[in-house]
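S.K.: Protein chains in written order, with this note's numbering: chain A, 1 to 107; chain B, 1 to 175.
None of these hints come from the bench; they were simulated from the model.
Accuracy of the hints is not assured; some may be wrong.
To be verified - Far from chain B by the CB rule (all over 10 Å, computed), these chain A residues:
# : residue
1 : 21
2 : 103
3 : 105
Claimed, not checked - Simulated crosslink set (DSSO-like; lysine-lysine; CA at most 27 Å straight-line):
# : chain 1 : residue 1 : chain 2 : residue 2
4 : A       : 106       : A       : 93
5 : A       : 106       : B       : 91
6 : B       : 91        : A       : 93
By construction, the Cβ of each residue, glycine as well, lies at the ideal position given by its N, Cα and C atoms.
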Amino acid sequence: MGLTLNHFLILGAILFCIGLYGAISKRNAIGVLMGIEIMLNAVNVTMIGFSFFNHVKPYSTYLTGQIFAIFIITVAAAEAAVALAMIIAIYRKRETVDVGEIDIMKW
Amino acid sequence: MDLATLIFWIIAVILVGSALMVVVLRNIVHSAVALILLFAMAAGIYVLLDAEFIAIVQILIYAGAVTILILFALMLTRISGQQQRTNPTNKQWWIALIICTLLGVSIIYAATTSPHAVATVGSDSGQLPAGINNVVRLGQLLYSPTQYSFVLPFEIASLVLLVAIVGAIVIGRED
């Protein structure tokens with residue numbers, strides 16, 4: 001028995017849940033960002049797994065899962081740059097990166 | 001058990017272990033180092049899935065650029081007097097643990113019981129036409145103006161990157 005699609009789907013699901021736990025339970029804003037990066041990687045694993053196990057011609061030659069993974073990586077890099085710039089700007093103003101203390105937009 | 005399955009299990013165990021280290025470790029610099037290991041192991045999974053270009057991009061962008069960005073942000077936001085526990089969890093962490101466990105169990109249940117429209121086992125016939133490898137095919141799919149391709153989303157993605165660069169500079173600038 002070789003590798004099946006379920007191997008990669010379950011690996012992606014486990015990674016996604018670990019990343020989600022990190023994203024919603026961390027107090028350091030950079031820790032939250034690391035959790036989001038893990039979640040994006042889990043989605044990439046799932047996408048490329050689907051792309052690999054698609055054998056329906058001609059759709060399998062379009063490699064849609066891999067193209068989606070490239071766009072996910074693009075958006076993730078842009079998101080990381082903007083989010084880290086925001087974290088540094090907030091740190092400069094409020095001397096903290098604790099997401100529990102950054103509550104200026106809460107009412 | 002063939003070689004690909006063995007390699008998959010080795011990489012998967014290291015991948016999940018390093019992901020757990022990212023969320024569990026107390027020192028956030030150690031978490032960032034575990035994140036590098038996670039990105040490298042994810043690249044190994046992509047090589048296993050015949051996605052060589054994505055694996056190279058993963059190493060370059062994630063393990064290279066994003067991790068350096070995160071380490072620089074950690075360096076610039078170091079809080080004095082709190083050297084040991086720089087990556088604390090909030091008080092509701094156990095609710096988060098329950099939610100994530102339930103979500104994971106339901107996703108795995110759905111994935112294993114669903115009748116997939118795609119084949120669930122790989123075939124050796126290959127998806128690509130003869131003489132065209134993964135990188136060439138992705139280049140055709142991203143740039144070709146005449147065949148079936150993703151030119152317009154690709155150009156929009158470059159616009160997203162431009163906006164992100166300008167936005168990061170404007171937000172991070174000192175007044």
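S.K.: Can we trust that residue 21 of chain A is non-interface, i.e. its beta-carbon lies farther than 10 Å from all of chain B?
M.R.: Violated, because the least Cβ-Cβ distance between residue 21 of chain A and chain B comes to about 4 Å, which does not exceed 10 Å.
S.K.: Hey, residue 106 of chain A versus residue 93 of chain A, does the alpha-carbon distance stay inside 27 Å?
M.R.: 17 Å, holds
S.K.: Evaluate the condition: distance from the CB of residue 105 of chain A to the nearest CB of chain B exceeds 10 Å.
M.R.: With a cut-off of 10 Å, residue 105 of chain A remains clear of chain B, as the shortest Cβ separation is near 15 Å.
S.K.: Going straight from one Cα to the other, do residue 106 of chain A and residue 91 of chain B come out at no more than 27 Å?
M.R.: Given pair residue 106 of chain A, residue 91 of chain B holds - Cα atoms ~19 Å apart, limit 27 Å.
S.K.: Can we trust that residue 103 of chain A is non-interface, i.e. its beta-carbon lies farther than 10 Å from all of chain B?
M.R.: Residue 103 of chain A clear of chain B: closest Cβ-Cβ about 13 Å, beyond 10 Å.
S.K.: For the pair we were handed, residue 91 of chain B and residue 93 of chain A, check the Cα-Cα distance against 27 Å.
M.R.: Within the cut-off at roughly 25 Å; holds.
The structure does not agree with numbered hint 1 stated previously, though it agrees with all others.
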